[in-house]
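Model the placement of chains F and Y on the given structure of chain V, informed by the hints.
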Amino acid sequence: MKKAFTNIHPTAIVSEGAKIAQNVVVGPYSIIHENVIVEEGTVIGSHCEIGHPVQNSSDGDPLIIGKNSLIRSHSIFYENSTFGENLVTGHRVTVREKTFAGRNLQIGTLSDVQGHCEIGNFVKFHSNVHIGQRSKICDYVWIFPYVVLTNDPHPPSDILLGVTLEKYVAVATMTTILPGVTVKEGALVGAHSSVSRDVEADTVVAGSPAKYICDTDKIKLKDGSNKSAYPWRRHFHRGYLPETIAKWISEFPEK
Amino acid sequence: MKKAFTNIHPTAIVSEGAKIAQNVVVGPYSIIHENVIVEEGTVIGSHCEIGHPVQNSSDGDPLIIGKNSLIRSHSIFYENSTFGENLVTGHRVTVREKTFAGRNLQIGTLSDVQGHCEIGNFVKFHSNVHIGQRSKICDYVWIFPYVVLTNDPHPPSDILLGVTLEKYVAVATMTTILPGVTVKEGALVGAHSSVSRDVEADTVVAGSPAKYICDTDKIKLKDGSNKSAYPWRRHFHRGYLPETIAKWISEFPEK
Amino acid sequence: MKKAFTNIHPTAIVSEGAKIAQNVVVGPYSIIHENVIVEEGTVIGSHCEIGHPVQNSSDGDPLIIGKNSLIRSHSIFYENSTFGENLVTGHRVTVREKTFAGRNLQIGTLSDVQGHCEIGNFVKFHSNVHIGQRSKICDYVWIFPYVVLTNDPHPPSDILLGVTLEKYVAVATMTTILPGVTVKEGALVGAHSSVSRDVEADTVVAGSPAKYICDTDKIKLKDGSNKSAYPWRRHFHRGYLPETIAKWISEFPEK
Numbered sequence: 084m085k086k087a088f089t090n091i092h093p094t095a096i097v098s099e100g101a102k103i104a105q106n107v108v109v110g111p112y113s114i115i116h117e118n119v120i121v122e123e124g125t126v127i128g129s130h131c132e133i134g135h136p137v138q139n140s141s142d143g144d145p146l147i148i149g150k151n152s153l154i155r156s157h158s159i160f161y162e163n164s165t166f167g168e169n170l171v172t173g174h175r176v177t178v179r180e181k182t183f184a185g186r187n188l189q190i191g192t193l194s195d196v197q198g199h200c201e202i203g204n205f206v207k208f209h210s211n212v213h214i215g216q217r218s219k220i221c222d223y224v225w226i227f228p229y230v231v232l233t234n235d236p237h238p239p240s241d242i243l244l245g246v247t248l249e250k251y252v253a254v255a256t257m258t259t260i261l262p263g264v265t266v267k268e269g270a271l272v273g274a275h276s277s278v279s280r281d282v283e284a285d286t287v288v289a290g291s292p293a294k295y296i297c298d299t300d301k302i303k304l305k306d307g308s309n310k311s312a313y314p315w316r317r318h319f320h321r322g323y324l325p326e327t328i329a330k331w332i333s334e335f336p337e338k
Numbered sequence: 084m085k086k087a088f089t090n091i092h093p094t095a096i097v098s099e100g101a102k103i104a105q106n107v108v109v110g111p112y113s114i115i116h117e118n119v120i121v122e123e124g125t126v127i128g129s130h131c132e133i134g135h136p137v138q139n140s141s142d143g144d145p146l147i148i149g150k151n152s153l154i155r156s157h158s159i160f161y162e163n164s165t166f167g168e169n170l171v172t173g174h175r176v177t178v179r180e181k182t183f184a185g186r187n188l189q190i191g192t193l194s195d196v197q198g199h200c201e202i203g204n205f206v207k208f209h210s211n212v213h214i215g216q217r218s219k220i221c222d223y224v225w226i227f228p229y230v231v232l233t234n235d236p237h238p239p240s241d242i243l244l245g246v247t248l249e250k251y252v253a254v255a256t257m258t259t260i261l262p263g264v265t266v267k268e269g270a271l272v273g274a275h276s277s278v279s280r281d282v283e284a285d286t287v288v289a290g291s292p293a294k295y296i297c298d299t300d301k302i303k304l305k306d307g308s309n310k311s312a313y314p315w316r317r318h319f320h321r322g323y324l325p326e327t328i329a330k331w332i333s334e335f336p337e338k
Numbered sequence: 084m085k086k087a088f089t090n091i092h093p094t095a096i097v098s099e100g101a102k103i104a105q106n107v108v109v110g111p112y113s114i115i116h117e118n119v120i121v122e123e124g125t126v127i128g129s130h131c132e133i134g135h136p137v138q139n140s141s142d143g144d145p146l147i148i149g150k151n152s153l154i155r156s157h158s159i160f161y162e163n164s165t166f167g168e169n170l171v172t173g174h175r176v177t178v179r180e181k182t183f184a185g186r187n188l189q190i191g192t193l194s195d196v197q198g199h200c201e202i203g204n205f206v207k208f209h210s211n212v213h214i215g216q217r218s219k220i221c222d223y224v225w226i227f228p229y230v231v232l233t234n235d236p237h238p239p240s241d242i243l244l245g246v247t248l249e250k251y252v253a254v255a256t257m258t259t260i261l262p263g264v265t266v267k268e269g270a271l272v273g274a275h276s277s278v279s280r281d282v283e284a285d286t287v288v289a290g291s292p293a294k295y296i297c298d299t300d301k302i303k304l305k306d307g308s309n310k311s312a313y314p315w316r317r318h319f320h321r322g323y324l325p326e327t328i329a330k331w332i333s334e335f336p337e338k
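Here the protein sequences line up with chains V, F and Y, keeping their order.
If you're matching positions, the first sequence starts at 84 in our numbering and goes up one per residue.
If you're matching positions, the second sequence starts at 84 in our numbering and goes up one per residue.
If you're matching positions, the third sequence starts at 84 in our numbering and goes up one per residue.
Excised from the complex, chain V in its bound form (with noise of 0.2 Å):
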């Protein structure tokens, strides 16, 4: 069922069971297979592959797309996972099967992620970012480049412990989470770091094994302000909704 849409380019290869809803842009070289439904306003880029089948499966759910997404070139979706409205990816970003995600996911440029997960609403995946499969991670939570988050404790086996993330959680660049770990709401996890054990809420973990180096709210803005840099939500907006913005100004008032 294809509804009426205008900017499908001519060489992008569309199934016939594929669900395109109106106002869609597909562009060049794309391929679209069936068990897809995009929905009103998304905008796919060159080169993707959308609803790659999952080999060996049965179950047969349909890859989702929200509404007003944007996909950008090279990108590469599995069926059988869901993503709400206001999707953003990079270039040539892998998402295999079953990853569950909610509105306004960001995905950065060559980030793979492994499938069997779930991500809430408004997280933000920098670039080359890894997430393994089991890993959960919660509203707002922000991945900066080259973290990986892992997933067997003895490799390779058949164990999978995956990593959660939980509300306003940053991982800083090149930093291994190791199977199983938990960080808390509001924690901050230094560069190039590698976690084994749980992190408490708002505090600032580093090194490799990381360790704890002080409370969120001892980190200065670098502005010359003498605020803290931490929680972030109270100094950074871009990107969420007004209604969320003003809950944060009113939850931390100038001090």
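Hints are computed from structural coordinates only; laboratory data are not their basis.
The reader is advised that the hints may include incorrect statements.
No distinction is drawn between identical chains; accordingly, a pair holds when it is met within one copy or between any pair of copies.
Listed below are the simulated BS3-like cross-link pairs for lysine-lysine, each with C-alpha atoms no more than 27 Å apart in a straight line [to be verified]:
#1 Lys267 - Lys102
#2 Lys250 - Lys294
#3 Lys181 - Lys250
#4 Lys301 - Lys330
#5 Lys303 - Lys219
#6 Lys150 - Lys294
#7 Lys102 - Lys305
#8 Lys305 - Lys150
#9 Lys305 - Lys219
#10 Lys267 - Lys305
#11 Lys250 - Lys102
#12 Lys150 - Lys267
#13 Lys181 - Lys305
#14 Lys181 - Lys102
#15 Lys150 - Lys303
#16 Lys181 - Lys207
From a predicted model like this one, the values you see are computed outputs, not experimental measurements.
Chains F and Y alone, transformed into the frame defined by chain V:
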């Protein structure tokens, strides 16, 4: 010479000189250059470039892809390399010339094999692995995401000292192996490590620089069984030959 | 304006507005957008996207690719950047807007240049390098695989403090340079390091956090000669201009 085949996508560009066996699939928008031999039963996904010419080369050996292989989309293989049967790749892998690999090699998404290297049988690279030139990787080795095998002892220079990984070695996530290092049979390198010296057989090393932690058999399986997690071939059998598994089971009777 | 050229593949999509000089090659399934100037003798591989429009931008400067460049397959360049002659890229590089680079830049496979940065002449990025916004990279710098140049001192925030790498600096594999750091002329940063402070000229630092190890001239070439491996321009000359090499040789008479 093109033999009979049933499933070359009409948008694929297949050179007249390429030798494509029967029952080979080539996906949309893929390119097969002329100096290529693809054996029967192999599947090549979309947007690939197979048999990329080597610059300034005149030796002209072909790229050989063994039978029943699967090369996933957006992958690039150069000419002048050889892969045994049952090669399986993730998406967007890059494999340069003079890579000589045995059977059942697995190369994860985004991995980058720089060529001029030897790879044994049943070797498995997870996602985003970087294999430097002059690496030698023996049978049944596992390499996990964001591992780099280096080769230049004082970069930049013209001296290349490759890394050697012996049989059954496992190298965990985000680890760098420094030039000329040999990791001996059955050793485990922990995540986020930097390995500057040879690693003894059946030992665990970790840290930066990596140091001896314990013998591998001291690590217990996290399944409540109190059994050792290593040698991993005692319990992990997915994807190996029945006769290999039988041998491994007889080698390690229950204890 | 399309001038005479001999080798635009019939499947390439070249905008009428693109300014393509003579003797330019564009490979199959590549896309050249309209705000692009490609100088003579340049080769663009397959599946590329060149001159990707910048979202919400109105300044409209073109992407300029200097003469005799080579952009390998699956690469993406945005408009509003400039590259001098002899640019060479690996496969699937991503280069965002407002990247201003000199001549003979090399960008390895999978590298991700985030834009808003300055890059000198004869700079070489090996594979999978991540260059954050506001980076400043001077002439003759080398960056090795999986190095990240960061910019946000307390992520996420709106404050960007770029990294500066002075002339002849070499940054080894899997290293993170933290925001605002300057690595001074001729310094070497060891593999798998995290650099939080400025690095003095002609010194070696390593570790996490990186500490002073020795002066660079204490590192000997592993060729049995007992000569110093640094400054590397004493012995490593591949890919530089004859007059540059002559100058380097006169600067470092044999000792």
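Given a CA cutoff of 27 Å, do Lys102 and Lys305 count as a within-copy pair, a between-copy pair, both, or neither? Intra 49 Å, inter 44 Å, cutoff 27 Å: neither.
If the cut is 27 Å between Cα atoms, do Lys181 and Lys305 qualify within a copy, between copies, both or neither? So Lys181 and Lys305 pass the 27 Å test across copies only (25 Å; inside, 40 Å).
Tell me, please, which holds for Lys267 and Lys102 at an alpha-carbon limit of 27 Å: within, between, both or neither? Classified as neither; 39 Å inside a copy, 53 Å across copies.
Classify it for me, Lys250 with Lys102: is the Cα-Cα distance of at most 27 Å met within a copy, between copies, both or neither? neither (34 Å within a copy, 49 Å between copies)
At most 27 Å between alpha carbons: which applies to Lys305 and Lys219, within, between, both or neither? between (31 Å within a copy, 20 Å between copies)
I want to check one pair: Lys150 and Lys267. Are their C-alpha atoms no more than 27 Å apart within a copy, between two copies, both, or neither? Classified as neither: same-chain Cα gap 31 Å, cross-chain 48 Å, threshold 27 Å.
Is the C-alpha distance from Lys303 to Lys219 at most 27 Å within one copy, between copies, in both cases, or in neither? Answer is between; shortest inter-copy Cα gap is 25 Å, intra-copy 29 Å.
Go through the copies and call it for Lys267 and Lys305: within, between, both or neither, with a Cα cutoff of 27 Å. both (25 Å within a copy, 23 Å between copies)
Is the C-alpha distance from Lys250 to Lys294 at most 27 Å within one copy, between copies, in both cases, or in neither? within (20 Å within a copy, 34 Å between copies)
My question is about Lys181 and Lys207: at a cut-off of 27 Å on alpha-carbon distance, are they close within one copy, between copies, both, or neither? both (19 Å within a copy, 23 Å between copies)
Taking 27 Å as the upper bound on the Cα-Cα distance, should Lys181 and Lys102 be classified as within, between, both, or neither? Within one copy only: 19 Å inside a chain, 38 Å across chains, cut-off 27 Å.
Go through the copies and call it for Lys181 and Lys250: within, between, both or neither, with a Cα cutoff of 27 Å. Within one copy, since 21 Å is at most 27 Å while 34 Å is not.
In summary, the structure is inconsistent with hints 1, 6, 7, 8, 11, 12, 15 from the numbered list given earlier, while agreeing with the others.
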